[in-house]
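Trainee: Residue numbers (numbering that gives the first Met the number 0), protein chains in the order written: chain A, 0 to 509; chain B, 0 to 629; chain C, 0 to 117.
Hints were generated in silico from the structure; no laboratory data involved. Be a bit skeptical, because a hint or two may be false.
Here are the simulated BS3-like cross-link-like pairs (lysine-lysine), alpha carbons at most 27 Å apart as the crow flies [said to hold, decoys possible]:
1) LYS30/C with LYS114/A
2) LYS71/A with LYS114/A
3) LYS36/C with LYS110/C
4) LYS320/A with LYS225/B
5) LYS173/A with LYS53/C
6) LYS320/A with LYS221/B
7) LYS559/B with LYS360/B
8) LYS511/B with LYS167/B
9) LYS513/B with LYS432/B
10) LYS360/B with LYS432/B
11) LYS109/C with LYS114/A
12) LYS173/A with LYS109/C
13) LYS114/A with LYS110/C
14) LYS171/B with LYS126/B
Here are some chain A residues the structure puts well away from chain B; computed CB gaps all over 12 Å [stated by the list, open to error]:
15) SER28
16) ALA62
17) LEU304
18) ILE312
All C-beta atoms in this analysis are idealised placements derived from N, C-alpha and C, irrespective of residue type, glycine included.
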Amino acid sequence: MNLDPFLAASPLLVVALGGCLLMVAEAFSKHGREENDSRSAGPSGDLALGTAITLITGAIFSAGIWFVGPDKLEGSRALEPYLILDRFSLFFSFVLCVGGALSALLAGGYLPEHKLDRGEFYPLLIFSTLGAMMLAAAGDLLSLFLGLETMSLGVYALAGFRRASPRSTEAALKYFLLGSFAAAILLYGGALIYGATGHTDLAGIRAAITSTAATEGAANPAVLLIGVALVIVGLAFKVSAVPFHMWTPDAYEGAPTPATTFMAVAVKSAAFATLLRVLVEAFGDPALTSWASGWPPLLAFMALLTMTVANLIAGRQESVKRMLAYSSIAHAGYVLVGLVATIKVGGDAQASIMFYLLAYTASTVGAFGALILCGSRGAEAVSYEDLSGLGRRHPAAAMAFSFFLLSLAGTPPTAGFFSKFYIIKAALGAEHYVLVVVLVLNSVLSAYYYLRVLVFMYMREPAPGAPLARPMRSGYVTTALVLSAVLVLVLGVFPSTYLEIVAQAALASR
Amino acid sequence: MSPFDLVIKYWLALAAGIVAGILPRGEFPARRRVALGLITALTVLSVQWLWPVEGAAAEATADEWPHLLNVLIGMPILGAVGVLFIPRQMLSLVRGFTLVVLGVGFVVSLALLTVPMTPGWHFQFIKDWIPSLGIRWHVAVDGISLWLILLTTFIGPIAAYASFGSIKTQVKELCFCLLLLQGAMLGAFVALDLFLFFVFWELMLVPMYVMIGIWGGAEKIKAALKLFIYTMTGSMLMLAAMVYLAWTHQRLTGVWSFDYLALSQVVLSRPAQMMCFWAFSIAFFIKVPMWPVHTWLPDAHVQAPTGGSIILAAVMLKIGTYAYLRFSMGLFPGPASSLAANLAGVAILGGIIYGALVAWKQADVKRLVAYSSVAHLGFVMLGLFGVTPTGIQGAVLQMVNHGISTGALFLLVGVIYDRRHTRLISEFGGIAKVMPIYTALFVLVTFSSIGVPGTNGFVGEFMIIMGTFTSERLGTFAGIHTIGASAGVILAAVYMLSAVQRVFFGPLTHPKNKGLSDISPREMVAIAPLVLMIFVLGMFPSIFLDRMKDSVAMAYDQFKTVSGQAILFADEQQAKLLPADTFSPAFLKGAPGVKEEGEPEAPPEAGDEGVQGAAPTRRDGVLADRGGDR
Amino acid sequence: MATYIPLLLLFLIAAIIAIAMFLLSTYIGPKNPTPEKMIPFECGSESTGGRFVKPSVKFYLTAILFVVFDLEAVLIYPWTIQFRSLGWVGLATMGSFIALLVVGLLYVWKKGALEWER
């Protein structure tokens with residue numbers, strides 16, 4: 000029996016196996032029963048470490064197979080079209096595992112601090128990551144849907160993890176309802192596409208579109224176009240592009256911060272990965288990518304709207320967490336610009352998106368992690384005022400927060416700057432001047448609200464008697480912050496190696 | 000050589016040093032006296048040493064240590080990281096460390112003077128940074144950036160020293176910002192890779208923002224935010240234009256490069272040229288600042304702490320003018336040439352005259368100095384817009400001048416602010432009676448600022464006005480421009496002197512002013528080097544001009560040739576690549592893809608086709624759409 | 000496209016009839032409300048308590064566990080039919096599937112979801 004398929008799928012298998020083991024271990028440990036969770040220390044410590052190790056192992060396996068070369072493994076294509084285990088999906092496995100592992104570390108500090116210390120968090124996190132990895136590797140509309148649901152179900156539960164809090168419940172409910180709605184739309188789109196082409200696998204869809212386009216000029220354009228639009232809309236919900244972003248601020252704000260981090264990082268990356276794959280591999284036919292009758296104008300319009308609306312609203316927020324939620328929407332807009340550019344410059348734009356998502360993962364984990372570090376039980380840092388004078392009270396936390404925010408704002412020499420630069424480069428290469436100018440102006444806008452945090456931390460003193468956020472101490476959070484800081488710095492200062500990597504990871508079929 | 004011979008050889012410096020050490024009256028601690036004496040002696044020595052000797056350029060070229068610039072940039076930045084690891088309780092260690100790093104930076108930068116500034120690049124250091132995009136760590140110095148680097152390293156320790164006097168809170172953050180700022184500014188002056196330049200350009204912004212925001216006045220947050228948003232808007236547009244330029248270069252040659260030398264060879268299509276010129280120039284105009292985007296400057300200056308103001312005025316604004324000279328004029332000579340007369344008009348009306356008139360009406364001394372900066376930088380820009388060798392030399396000299404005299408003015412204003420915590424002119428009057436030394440220094444610096452002969456301001460303004468008058472590019476307007484600029488000189492005298500009159504002379508009315516103490520030894524030490532430099536620059540300008548003239552001449556020649564070529568292509572709708580032999584080999588030294596032999600990449604053909612670039616290597620839809628490739 | 004027009008018409012007519020009936024009964028039908036008619040009617044007896052009764056979460060839990068563990072059987076039926084042709088690979092696949100179920104069952108058991116009273 001040939002073991003190569005298992006080897007090729009090993010990142011997924013490792014994560015799945017680790018998740019199962021961890022789940023059972025948690026159930027069998029003394030913390031498993033809920034009665035005794037008030038006395039003893041919660042399970043978070045060991046579980047967070049276990050989760051991080053599991054996911055890092057997944058990342059290491061991805062990297063290992065990357066170095067071997069997935070095309071060298073004979074059976075790596077055995078799972079196609081359901082799972083396509085190419086460099087593209089390996090890259091995203093790596094990013095998602097890293098994002099998940101860092102979120103788990105954040106949870107290791109956050110959950111005990113806020114007395115949310117229940118073990119379910121970690122298996123849910125792992126299985127969601129698994130779903131995200133499947134989503135990134137999916138080469139068929141069916142497995143795509145499966146991955147999407149596996150990922151989403153876990154995240155719905157994570158969002159409502161703080162079940163005593165109405166906000167958290169509201170967040171989970173909103174996210175669940177809108178998410179299911181989006182999934183239904185996606186499914187409907189898939190059905191229409193199947194109706195138009197007779198295929199559910201992406202390559203088959205592509206081939207069918209090409210052949211009908213060749214024979215009849217344009218076959219079933221209406222049904223097909225509606226299907227494509229619905230699929231894009233369904234995925235746009237997941238990446239929270241305007242106008243499908245309504246759930247994002249509430250869900251992000253209500254969810255416990257590590258869950259928010261995971262939503263902002265992994266869910267978004269995975270959704271972008273699959274969006275990229277679907278658009279390039281299934282709908283990359285010239286018949287569908289022309290400006291007159293294809294999806295690019297739809298995406299371009301969405302990108303413009305996403306960037307501008309999100310940045311404008313983000314500036315008006317009073318809660319830092321909500322601001323970060325809108326900022327993550329804005330970043331989705333920047334990535335969409337890269338996505339529009341893929342039709343003209345292909346590999347370059349894909350590479351820019353992947354680099355962006357990697358950099359965004361590191362910076363966002365850092366920013367949320369720093370926000371976690373800035374607060375403690377009963378005094379969680381939520382609003383700008385909570386952060387007043389933090390630069391004086393806790394310089395290290397403030398410094399870290401500033402660093403990651405500057406990266407999100409795109410200030411050199413951080414990863415955020417270089418990734419934005421790379422997107423601009425791709426978009427200019429595709430001659431989308433309007434998009435570039437809007438992107439550029441938007442990043443100025445975004446600087447305003449990122450800097451506002453710095454203003455409060457360094458330049459304002461807290462009002463007398465105001466409740467202050469007391470910074471917490473946690474080795475896990477600090478570790479996560481250090482890791483992401485290193486990643487942000489390395490990606491910003493020595494991007495060369497990573498550029499080569501993302502260039503290799505770009506989808507071949509163009 | 001016996002000590003006696005040494006004394007004879009350097010008697011002048013020795014005497015000057017002793018006099019300076021003895022001169023101050025009153026309770027002046029010995030330590031400060033020694034410091035004053037040393038500063039003076041060293042200044043005299045350096046003038047002797049730097050005095051241009053006949054045939055100096057013929058001397059064997061000294062070894063150019065290629066890492067010198069890396070050390071200059073790296074030391075403050077590493078120092079900034081180092082400061083983070085010093086416990087914040089050890090105040091004197093933090094301060095001392097910062098001063099030592101900045102001071103050593105100045106000493107190291109003096110090594111730049113050991114090399115005769117022949118045309119072309121010196122101390123060039125090139126290393127691949129991001130090879131897949133052709134981004135390189137490319138730093139080098141020429142006669143133009145040389146003086147700006149020296150200005151930066153010179154002002155750095157002074158600003159730090161001045162800040163330590165007045166800022167007592169969060170000293171660690173202050174030191175971090177100062178050092179980071181210093182490294183970034185130096186980097187911006189020496190970067191010859193556009194990407195690298197942009198990195199330093201942006202890096203500079205954050206420490207300045209933090210400096211104004213933390214230690215500024217009442218409206219600090221608004222001022223800091225204004226500074227950031229203005230500059231960021233400009234720089235993001237610049238980034239887009241930069242990528243466009245690099246992309247065009249890639250389209251023409253097949254390789255990515257952000258190198259200034261390589262991109263200079265690209266002549267864009269006419270509309271693109273204009274757009275990119277504006278995108279770059281708006282970024283620089285905001286930094287300079289030119290009317291009408293100058294409004295952030297007065298706020299920033301008024302709110303900034305003294306040290307921040309000094310660095311902002313003395314160095315950061317120069318990055319705008321320097322970058323216009325190097326990048327806007329170097330990369331887009333066509334638009335720079337055809338827009339010269341209009342831009343010069345803006346510089347005169349909006350900068351020199353408007354700045355002066357607004358300065359006249361200010362009630363706050365610091366705001367007055369800030370608006371005077373607008374006026375002075377109008378002069379600098381005028382020198383650059385005129386594009387004559389004299390004008391450019393004058394502009395570079397005036398950049399240094401303005402750095403020194405405005406730095407000194409802000410320092411002096413800081414002195415009085417520390418005593419009274421107000422800077423309103425109406426609060427003062429007649430304080431010459433209680434602060435005689437301070438008054439003398441202030442009047443002296445004022446003279447320098449308004450360009451009284453013998454001080455530095457005179458030389459620069461004179462050369463700029465000369466350049467304007469003889470400029471071909473200003474055409475028939477040259478005369479009017481000259482008149483306007485001269486009127487600006489008069490107005491400068493009006494507003495500065497009237498302010499001096501109201502602050503220092505007349506009856507001593509305000510009771511609080513009666514107890515003011517005169518300038519302290521510490522402040523004296525901080526101001527002394529600036530005052531000395533005012534005279535050095537004013538009396539021995541040839542020290543400076545001698546070292547920049549070759550580089551300026553080269554920049555000028557290149558501007559002339561390339562703008563001629565650019566105008567030739569003005570009607571073309573597609574980008575072209577100029578052949579390498581348009582440029583002097585000294586300029587292209589170190590450009591990517593240039594062989595040592597200086598072999599041009601595209602064989603020149605006859606006539607107009609002679610400037611046709613190498614055939615594009617990528618032939619996909621992008622190029623086909625444009626229908627431009629052959 | 001023309002072939003679909005009758006279908007569309009059919010839908011349209013059906014919709015019109017339905018809406019018309021609904022509206023007609025509202026507007027034409029005789030209405031004389033009395034207080035007795037307005038009270039909620041529940042099997043002839045007075046209704047008591049709130050309108051929404053929350054069943055205990057245990058019912059849901061049991062229901063969902065039933066769905067999870069019972070529906071797996073549906074997957075096993077087709078496998079039994081193809082058991083021979085699928086061979087060892089099939090056995091291994093089903094084995095891992097059942098193993099996963101066992102893991103789930105273990106988890107549920109240890110978490111106490113199988114106990115009605117605790």
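Trainee: Each hint needs a verdict: does it hold in this structure or not?
Mentor: Hint-by-hint comparison with the structure:
1. LYS30/C with LYS114/A: Violated: LYS30/C and LYS114/A sit about 60 Å apart, past 27 Å.
2. LYS71/A with LYS114/A: violated, 48 Å
3. LYS36/C with LYS110/C: violated, 51 Å
4. LYS320/A with LYS225/B: Holds - the C-alpha atoms of LYS225/B and LYS320/A are around 25 Å apart, at most 27 Å.
5. LYS173/A with LYS53/C: Status holds; Cα separation ~21 Å.
6. LYS320/A with LYS221/B: holds, 23 Å
7. LYS559/B with LYS360/B: Since the Cα atoms of LYS559/B and LYS360/B sit roughly 41 Å apart, the hinted pair is violated (cutoff 27 Å).
8. LYS511/B with LYS167/B: holds, 24 Å
9. LYS513/B with LYS432/B: Holds, at about 9 Å.
10. LYS360/B with LYS432/B: holds, 25 Å
11. LYS109/C with LYS114/A: Judged against 27 Å, a Cα distance of about 22 Å means the pair holds.
12. LYS173/A with LYS109/C: With Cα atoms ~31 Å apart, LYS173/A and LYS109/C exceed 27 Å; violated.
13. LYS114/A with LYS110/C: Holds: LYS114/A and LYS110/C sit about 19 Å apart, inside 27 Å.
14. LYS171/B with LYS126/B: Violated. LYS171/B to LYS126/B sits at ~33 Å, over the 27 Å cutoff.
15. SER28: holds, 41 Å
16. ALA62: holds, 20 Å
17. LEU304: LEU304/A is indeed farther than 12 Å from all Cβ atoms of chain B, at 20 Å.
18. ILE312: holds, 18 Å
Hint check: violations occur at hints 1, 2, 3, 7, 12 and 14; the rest are consistent with the structure.
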